[in-house]
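The working numbering puts the first residue of the sequence shown at 1, with every later residue one more than the last.
With a cut-off of at most 30 Å between alpha-carbon atoms, the simulated DSSO-like pairs for lysine-lysine come out as follows:
id, residue 1, residue 2
1, LYS22, LYS72
2, LYS108, LYS94
3, LYS134, LYS94
4, LYS108, LYS134
5, LYS33, LYS63
6, LYS33, LYS72
7, LYS134, LYS96
8, LYS122, LYS63
9, LYS72, LYS44
10, LYS105, LYS44
11, LYS108, LYS33
12, LYS83, LYS63
13, LYS33, LYS51
14, LYS105, LYS51
15, LYS108, LYS96
16, LYS44, LYS33
17, LYS83, LYS44
18, LYS105, LYS94
19, LYS122, LYS94
20, LYS134, LYS105
21, LYS134, LYS99
22, LYS63, LYS94
23, LYS51, LYS122
24, LYS72, LYS27
25, LYS108, LYS63
Calculated directly from the structure, the hints in this document are not laboratory data.
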Amino acid sequence: MKTFFGILLLATGMVNLAQAQKLNAAKVPAEVKTAFTKLHARTKVSWEMEKQHYEAGFTLNGKETSEVYSAKGLLLETEVEIKSTELPAAVLAKLKGAKIAEAAKITKADGTIYYEAEVKGKDLLFDSNGNPVK
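Work the whole structure out from these sequences, hints included.
Okay, here's the thing in structure tokens:
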């Protein structure tokens with residue numbers, strides 16, 4: 001029984017490490033902060049480290065927004081909270097009957113747009129045509 005709880009505790013710790021880590025602004029590279037400030041002067045921001053990238057979380061036009069930057073300050077993607085009813089019809093059709101807790105529109109640096117829907121605690125990603133994206 002002790003072994004089971006030890007493994008459970010270890011697994012829980014590993015899951016927590018895999019998630020984004022809060023980051024003090026002083027630890028964000030100057031290039032990243034400069035790139036963010038050029039786009040969003042005087043915006044209150046919170047930073048997280050996600051894998052090897054820097055994620056800026058803030059509110060824009062009343063919507064929860066996040067931007068992911070490379071360590072060199074290149075904007076990689078922008079994620080904006082949307083209402084589940086704003087998801088494309090093709091995505092809604094794929095999720096018919098599912099309870100959508102949260103939804104977002106993700107725009108990659110190359111202009112590609114994806115839609116994210118949180119269903120049963122999992123984030124599902126789709127293209128505009130409702131095709132699942134891995």
